[in-house]
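A.B. asks: Fit chain B to the supplied structure of chain A, relying on the hints for placement.
From first to last, the protein sequence lines are chains A and B. The opening residue of the first sequence carries number 55 in my numbering; numbering runs sequentially from there. The opening residue of the second sequence carries number 55 in my numbering; numbering runs sequentially from there.
One should not assume that every hint holds.
No distinction is drawn between identical chains; accordingly, a pair holds when it is met within one copy or between any pair of copies.
[Said to hold, decoys possible] Pairs of lysine-lysine residues, derived as DSS-like cross-links and limited to a Cα-Cα distance of at most 25 angstroms, are as follows:
hint : residue 1 : residue 2
1    : Lys92     : Lys272
2    : Lys92     : Lys125
3    : Lys512    : Lys533
4    : Lys159    : Lys240
5    : Lys504    : Lys272
6    : Lys59     : Lys545
7    : Lys56     : Lys331
8    : Lys198    : Lys219
9    : Lys56     : Lys512
10   : Lys533    : Lys198
11   : Lys59     : Lys92
Quick caveat, the hints were computed from the structure, so don't treat them as lab data.
There are 2 protein chains.
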Amino acid sequence: MKSYKALEQRFRRIAAVNGALAVLGWDQSTMMPEGGAKVRAEQIATLSVIRHEWLTDPRLGDLLGEAETQKDQLNEWQAANLREMQRQWRHATALTPKLVEARSKAVLNCEMVWRKARQEDHFKSFATAFHPVLELTREVAAAKAAAFGVAPYDALLDEYEPDGKAATIDALFADLGGFLPAFIDKAMARQAKKPAPLVPKGDFATETQRQVGLRFMKALGFDFRHGRLDVSLHPFTGGVPTDVRITTRYHEGDFAKSLMGVLHETGHALYELGLPKFWRNQPVGEARGMTLHESQSLLIEMQVCRGPEFLAYAAPILRKAFKGEGEAWSADNLARLYTQVRPDLIRVDADEVTYPAHIILRYRLEQALLHGDLPVADLPHAWNDGMQTLLGVDVPSDSLGCMQDIHWATGSIGYFPTYTLGALAAAQLFAAAKEQDGSILPGIAKGDFKPLLHWLRKHVHGKGSLLSTDALLRAATGKPLGTAAFKAHLKSRYLN
Amino acid sequence: MKSYKALEQRFRRIAAVNGALAVLGWDQSTMMPEGGAKVRAEQIATLSVIRHEWLTDPRLGDLLGEAETQKDQLNEWQAANLREMQRQWRHATALTPKLVEARSKAVLNCEMVWRKARQEDHFKSFATAFHPVLELTREVAAAKAAAFGVAPYDALLDEYEPDGKAATIDALFADLGGFLPAFIDKAMARQAKKPAPLVPKGDFATETQRQVGLRFMKALGFDFRHGRLDVSLHPFTGGVPTDVRITTRYHEGDFAKSLMGVLHETGHALYELGLPKFWRNQPVGEARGMTLHESQSLLIEMQVCRGPEFLAYAAPILRKAFKGEGEAWSADNLARLYTQVRPDLIRVDADEVTYPAHIILRYRLEQALLHGDLPVADLPHAWNDGMQTLLGVDVPSDSLGCMQDIHWATGSIGYFPTYTLGALAAAQLFAAAKEQDGSILPGIAKGDFKPLLHWLRKHVHGKGSLLSTDALLRAATGKPLGTAAFKAHLKSRYLN
Numbered sequence: 055m056k057s058y059k060a061l062e063q064r065f066r067r068i069a070a071v072n073g074a075l076a077v078l079g080w081d082q083s084t085m086m087p088e089g090g091a092k093v094r095a096e097q098i099a100t101l102s103v104i105r106h107e108w109l110t111d112p113r114l115g116d117l118l119g120e121a122e123t124q125k126d127q128l129n130e131w132q133a134a135n136l137r138e139m140q141r142q143w144r145h146a147t148a149l150t151p152k153l154v155e156a157r158s159k160a161v162l163n164c165e166m167v168w169r170k171a172r173q174e175d176h177f178k179s180f181a182t183a184f185h186p187v188l189e190l191t192r193e194v195a196a197a198k199a200a201a202f203g204v205a206p207y208d209a210l211l212d213e214y215e216p217d218g219k220a221a222t223i224d225a226l227f228a229d230l231g232g233f234l235p236a237f238i239d240k241a242m243a244r245q246a247k248k249p250a251p252l253v254p255k256g257d258f259a260t261e262t263q264r265q266v267g268l269r270f271m272k273a274l275g276f277d278f279r280h281g282r283l284d285v286s287l288h289p290f291t292g293g294v295p296t297d298v299r300i301t302t303r304y305h306e307g308d309f310a311k312s313l314m315g316v317l318h319e320t321g322h323a324l325y326e327l328g329l330p331k332f333w334r335n336q337p338v339g340e341a342r343g344m345t346l347h348e349s350q351s352l353l354i355e356m357q358v359c360r361g362p363e364f365l366a367y368a369a370p371i372l373r374k375a376f377k378g379e380g381e382a383w384s385a386d387n388l389a390r391l392y393t394q395v396r397p398d399l400i401r402v403d404a405d406e407v408t409y410p411a412h413i414i415l416r417y418r419l420e421q422a423l424l425h426g427d428l429p430v431a432d433l434p435h436a437w438n439d440g441m442q443t444l445l446g447v448d449v450p451s452d453s454l455g456c457m458q459d460i461h462w463a464t465g466s467i468g469y470f471p472t473y474t475l476g477a478l479a480a481a482q483l484f485a486a487a488k489e490q491d492g493s494i495l496p497g498i499a500k501g502d503f504k505p506l507l508h509w510l511r512k513h514v515h516g517k518g519s520l521l522s523t524d525a526l527l528r529a530a531t532g533k534p535l536g537t538a539a540f541k542a543h544l545k546s547r548y549l550n
Numbered sequence: 055m056k057s058y059k060a061l062e063q064r065f066r067r068i069a070a071v072n073g074a075l076a077v078l079g080w081d082q083s084t085m086m087p088e089g090g091a092k093v094r095a096e097q098i099a100t101l102s103v104i105r106h107e108w109l110t111d112p113r114l115g116d117l118l119g120e121a122e123t124q125k126d127q128l129n130e131w132q133a134a135n136l137r138e139m140q141r142q143w144r145h146a147t148a149l150t151p152k153l154v155e156a157r158s159k160a161v162l163n164c165e166m167v168w169r170k171a172r173q174e175d176h177f178k179s180f181a182t183a184f185h186p187v188l189e190l191t192r193e194v195a196a197a198k199a200a201a202f203g204v205a206p207y208d209a210l211l212d213e214y215e216p217d218g219k220a221a222t223i224d225a226l227f228a229d230l231g232g233f234l235p236a237f238i239d240k241a242m243a244r245q246a247k248k249p250a251p252l253v254p255k256g257d258f259a260t261e262t263q264r265q266v267g268l269r270f271m272k273a274l275g276f277d278f279r280h281g282r283l284d285v286s287l288h289p290f291t292g293g294v295p296t297d298v299r300i301t302t303r304y305h306e307g308d309f310a311k312s313l314m315g316v317l318h319e320t321g322h323a324l325y326e327l328g329l330p331k332f333w334r335n336q337p338v339g340e341a342r343g344m345t346l347h348e349s350q351s352l353l354i355e356m357q358v359c360r361g362p363e364f365l366a367y368a369a370p371i372l373r374k375a376f377k378g379e380g381e382a383w384s385a386d387n388l389a390r391l392y393t394q395v396r397p398d399l400i401r402v403d404a405d406e407v408t409y410p411a412h413i414i415l416r417y418r419l420e421q422a423l424l425h426g427d428l429p430v431a432d433l434p435h436a437w438n439d440g441m442q443t444l445l446g447v448d449v450p451s452d453s454l455g456c457m458q459d460i461h462w463a464t465g466s467i468g469y470f471p472t473y474t475l476g477a478l479a480a481a482q483l484f485a486a487a488k489e490q491d492g493s494i495l496p497g498i499a500k501g502d503f504k505p506l507l508h509w510l511r512k513h514v515h516g517k518g519s520l521l522s523t524d525a526l527l528r529a530a531t532g533k534p535l536g537t538a539a540f541k542a543h544l545k546s547r548y549l550n
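Excised from the complex, chain A in its bound form (with noise of 0.2 angstroms):
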């Protein structure tokens, strides 16, 4: 055990430059005059270096191979904390210094060279600066390959969905792909009956979309003694589980935008106020992946609050919070203006029916141009008649194709697919919540999530990093990941 513990005291400290950073970089999105943006970007590479060589000590090494062999008398919770500690250590250890240095210039010359192409429409300057980045992620895809034992994009994958396969996510993609097209002309079709939905008209005061915001943030059950609410050009939840810091952006023509933007977040925010609390500032109290993060977020704003149950609870509170008045305030027409199906170009403002559609050419893309398939070059014709089969859709630009979004330009390759498997995690979630407790939805409807929150706290948020996701979705809903749940939510909520 001695070995053991030693490592918990190390990856304590790890956990608290974690923290430290998670702080600077709330502070940079939220509150950070422009001037501060040189000095900050030190102080934050400085604290990665430190962490960079708490991971990579050659003492760590020995005492997790010292604590393998005693692995025996660890319990269940030690041995998954010493495996994540294991994971944390394969994924700092097995790049070279050089690689990760070279990888952190280009990834941070393309990033500027993407936001500019991007704003002039311009692909070849990105297509330039992209070509070292996809060529240095090959080469950490090949170094974690080779050292974890796995295919190199399985080897991505594992940064951002633990023990994540390309092959279990081929063939739910391929089920999915084959399903969606169809799907989305009889949702398209079942949509053109029904009456077109009334959008709220206002000038919605900031400060009024903040207090629904954080009525409701509070009703779902977000502790404000352990959180807050703040404003970012992008949204995102950031802080430690102690501390859990979301933002939102608000606009004055549309209280929506940031409403629901503030529901997702509080999802994500719910999982890490959840984590175990005994396992804080340890590998295996941290959330599981990206993929069940994700289901979090998309459980409480696309499952929950687009519902009908929750639009019940929710229209009449609007109503009086904005001082709305007609049909346009209804429960019914804020279900039908919340799901509106729409095949379009950008995948940030897509519906969850076509959501999926995005998120499918992308991983598509990804795996062809890491494997060498896909010439950069060809990018923008494989995008582009991607979207045609997929959705429909004609790209007019590659600003509104292949280059809107900043993941690849940052040499995030596996991220992608996590987007979609948290879609179907969070419907076989909910699903299974549903089915197991008959006293969730009633609450819903009621604006009570006691009943649900109770769920997600037992069967999701308290597991921490202990099973795989896999693991913890077939002891949560008795089966592993599939489409069945997301098909069967999709048919029920378009086609009825």
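C.D. replies: What follows is chain B alone, placed relative to chain A:
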């Protein structure tokens, strides 16, 4: 030069950790929800340990020794930088880890006990917790005195006022202590003959107070691309020179409390913002010490903003912003109001005339405590005696007497005198500035602070830690720090 350059690299990393600590501290006082406290404390402790490890790394000592032998290759700024590196090294290495830890624990406990004891006016329980703090602070003083080759009190003072000497302070405070009692009587007599100032009445909305504060900050030269104004329980200036964070606290019944606080912190902030750009991240680029820091806040708040020129400019702005009516809002009335003299119990509420008496008392008592000439049990008696002699005030309780300040509870001996040294320096610097540049005072009267800021940038802010406080004052004013300018200022403001 190689050793020196290596030192610069090391101190650059230390500065990054210092900056991260500044952000964590600012956030803790302004943004953090209560439930984040424990984990935040661990983040701060971890970064503090990193800093201490870096500062006490034997290799750093070797480099300092090597650089010292090659000092003739350094220019003036580099040599001063090396001197300040050596000072930080001396402070960090003078104490054994055991002593540092024992003192931290004693201080943590004493701070907690002090809060309760002050509330309950129970000196005995404070004394019990303060005893070990004083003992351990004596050990610190002895260890540093031996290492630096100075007297114990001077060794403590060096942390707040580098190269400060009790002998110098003794002389200044003997002079001032002799002058003040009779002067206070005269100022009170003169004040009694003038009409009593009217207090502007109203509920002063927080947002209006904030806007007024921002307006004056901007006029004084605060650059909002490099800083912010926020709210905290106790006002402070934090952050880093590229991102200076000042705070205030609003009282709806009295806008002046926040306004004067904001102006005071703006003085501190202007110093930080004006530190030499080239030497950011290096010890020589830091503010010189507490005396000069306090001189900058007092120069702005006391010398400038409570003066007739500033109030002639500010009164109409305040009247308009708060929709004030009548004589209470005249510049003359505000000048009388903001320069009221009243000997009283509490240091932080004291006016500039009686404030030094509070400090002289504390300075004498903390020396006696440190040297063992005053047993802790006798502190209340000595305190009450001193308040009677220096200010003619009866102390009704220890809560309003010797337990009012947190400083001693935290082992901060050597800090108090810098407040009054700062007041002396503020008067001396402002007198010299006005003498050297005739446009400063007319500028202030029109709300143009550029001439003043220009002078301060050149003679104080831009010098960083290049010179000692004494050398800087000699260069800027032609004289060592003295009482003459301060006494002249008091006579001119309170006897004319």
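A.B. asks: Hint by hint, say whether it matches the structure.
C.D. replies: Checked hints:
no.	hint	result
1	Lys92 <-> Lys272	between (36 angstroms within a copy, 23 angstroms between copies)
2	Lys92 <-> Lys125	neither (45 angstroms within a copy, 31 angstroms between copies)
3	Lys512 <-> Lys533	within (17 angstroms within a copy, 72 angstroms between copies)
4	Lys159 <-> Lys240	neither (47 angstroms within a copy, 69 angstroms between copies)
5	Lys504 <-> Lys272	within (11 angstroms within a copy, 49 angstroms between copies)
6	Lys59 <-> Lys545	neither (51 angstroms within a copy, 68 angstroms between copies)
7	Lys56 <-> Lys331	within (23 angstroms within a copy, 49 angstroms between copies)
8	Lys198 <-> Lys219	within (14 angstroms within a copy, 60 angstroms between copies)
9	Lys56 <-> Lys512	neither (31 angstroms within a copy, 59 angstroms between copies)
10	Lys533 <-> Lys198	neither (30 angstroms within a copy, 67 angstroms between copies)
11	Lys59 <-> Lys92	between (38 angstroms within a copy, 21 angstroms between copies)
Violated hints, listed in ascending order, are 2, 4, 6, 9, 10; each of the other numbered hints is respected by the structure.
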